[in-house]
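Enquirer: Sequence:
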Amino acid sequence: MKPSSPLVILIFSVLLFTLLEIIGTSMSMIKPLWRDELNTQSYTIHESYTDILKGRNPMEGNRAPLFYLTQKLFCDALGFKTPQAWLKGHWDEIDPAANLSLRILPVIWMSLFFVLIFSYFSIRFNVLVGIFGFLTALSYPLLWLYWSEARPYSLWVLLTGIQMVLFLDILMMNNRNRATWFGLSLTHCLLALTCALSVFQILIVSLILLTKERQSLKYILGLFLPAVILFCYWPLGTGDNVIFITTVPPIFFSTVQINQIAVLALYLILLRIQALVCFNDQLGRALPFFLGIFMMLISTYTFLIHLHAHASGHGQFVIQRHILFLVPVVVIALTYLLGLIAQSLKSQILKIILITGMIAILLLPVPEFTIKIHYMLSHSPYV
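Heads up, the sequence shown is in the working numbering, so the first residue is 2 and it goes up one at a time.
Keep in mind that the hints were calculated from the coordinates and are not lab data. Among these hints, one or two may not hold up.
Computed list of lysine-lysine pairs in DSS-like fashion (alpha-carbon distance at most 25 Å, straight line) [to be verified]:
1) 89 with 32
2) 73 with 32
3) 73 with 55
4) 32 with 82
5) 55 with 32
What follows is a set of in silico ranges between Cβ atoms, one per label pair, in the way DEER data are often shown [as the list claims (entries may be wrong)]:
6) 178 with 225: 16 to 24 Å
7) 24 with 292: 30 to 38 Å
8) 223 with 98: 48 to 56 Å
9) 259 with 307: 48 to 56 Å
For glycine and all other residues, C-beta sits at the position ideal for the given N, C-alpha and C.
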């Protein structure tokens with residue numbers, strides 16, 4: 002597989018980011034704020050920095066402070082003033098400038114995630130694989146929904162994307178580079194400060210690296226340090242009672258479609274057979290990464306079952322956004338899987354069949370995609 006020119010990738014990435022920013026800012030200016038955004042806006046602008054750091058946020062289920070601090074810093078730097086119509090309770094009145102001020106950072110975070118997917122896989126494989134990853138990410142209605150909302154989810158998505166590519170680099174390149182380990186440790190700290198529910202992905206990545214990279218123990222221990230941060234904010238953000246408006250399977254499988262999980266499982270079996278038959282070292286090193294993906298899926302599903310069993314019928318709603326981190330996880334896993342197939346299989350006919358089959362299966366939900374996008378962009382995020 003011929004690698005793409007770094008200059009071509011850079012040009013495409015800049016153009017892509019510019020286009021995504023235009024789309025994101027356009028959406029942010031025409032959508033009215035909804036209840037949770039109003040709570041976030043009131044909290045981040047009117048509370049003190051000290052109270053935000055302490056997690057004293059009665060309006061939010063998530064008390065981790067990073068997103069709220071960045072929002073407050075940005076609004077203070079802009080000299081943001083709440084529009085008079087909003088102060089009078091007319092929150093459904095659209096003020097494009099105010100909307101953009103509150104939503105521009107989430108738009109940037111989500112746009113950077115899309116560009117990260119494209120550029121990383123274009124560099125590792127080629128531009129075609131990068132485009133596949135980018136289009137796969139765009140196919141998720143939930144990313145469109147939270148792309149232009151003043152909520153922590155777009156930052157959570159970006160940091161999860163960074164975590165996954167650093168995790169891949171360490172596993173696949175036997176990376177002993179201090180900068181990569183430091184970058185992963187820093188990303189784990191930022192994740193812990195963004196959302197308490199990131200505990201699953203932090204612990205699973207750290208445990209797998211502890212198992213596979215024991216000679217780098219001094220670096221791996223740093224990956225567990227963010228757990229201290231999580232324990233500081235976890236009781237504050239998860240002690241609330243919860244409400245389920247549906248059962249666990251619809252929540253889970255509308256976030257990560259079952260056809261995607263089936264593709265991952267089936268093609269991993271095929272690649273494992275290929276690795277054993279051909280003694281392919283690269284395919285063998287990839288298995289711990291995919292093991293981590295399935296551990297995240299299983300642990301999240303189990304956690305949802307636990308919450309559902311103890312739901313009280315009042316408190317915080319549990320919906321797809323609470324497991325949104327699974328979207329970048331699965332996008333990166335699927336894209337990397339496609340790249341491995343294209344790079345590892347020697348038979349061109351088998352390669353074409355497998356790649357075509359993979360894309361066809363992933364495109365099965367496409368007919369309902371535009372309906373979901375339209376619904377989500379015009380209704381409350383309780384989906």
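Enquirer: Are the Cα positions of residue 73 and residue 32 separated by 25 Å at most?
Expert: holds, 21 Å
Enquirer: Tell me if the beta carbons of residue 259 and residue 307 are separated by a distance inside 48 to 56 Å.
Expert: violated, 21 Å
Enquirer: For residue 89 and residue 32, compute the direct alpha-carbon distance and say whether it is at most 25 Å.
Expert: Within the cut-off at roughly 19 Å; holds.
Enquirer: A range of 48 to 56 Å was offered for this pair. Does it hold for the Cβ distance of residue 223 and residue 98?
Expert: At roughly 42 Å between Cβ atoms, residue 98 and residue 223 fall outside 48 to 56 Å, so the hint is violated.
Enquirer: Using the C-beta atoms of residue 178 and residue 225, is the stated range 16 to 24 Å upheld?
Expert: holds, 20 Å
Enquirer: Assess, step by step, whether the Cα of residue 55 is no farther than 25 Å from the Cα of residue 32, and give holds or violated.
Expert: violated, 31 Å
Enquirer: Are residue 32 and residue 82 close enough, with their CA atoms no more than 25 Å apart?
Expert: holds, 19 Å
Enquirer: Determine whether the Cβ-Cβ distance between residue 24 and residue 292 falls within the hinted range of 30 to 38 Å.
Expert: holds, 36 Å
Enquirer: Just to be careful, I want the Cα atoms of residue 73 and residue 55 compared with a cutoff of 25 Å; is the pair within it?
Expert: Distance of about 15 Å is within 25 Å: holds.
Violated hints, listed in ascending order, are 5, 8 and 9; each of the other numbered hints is respected by the structure.
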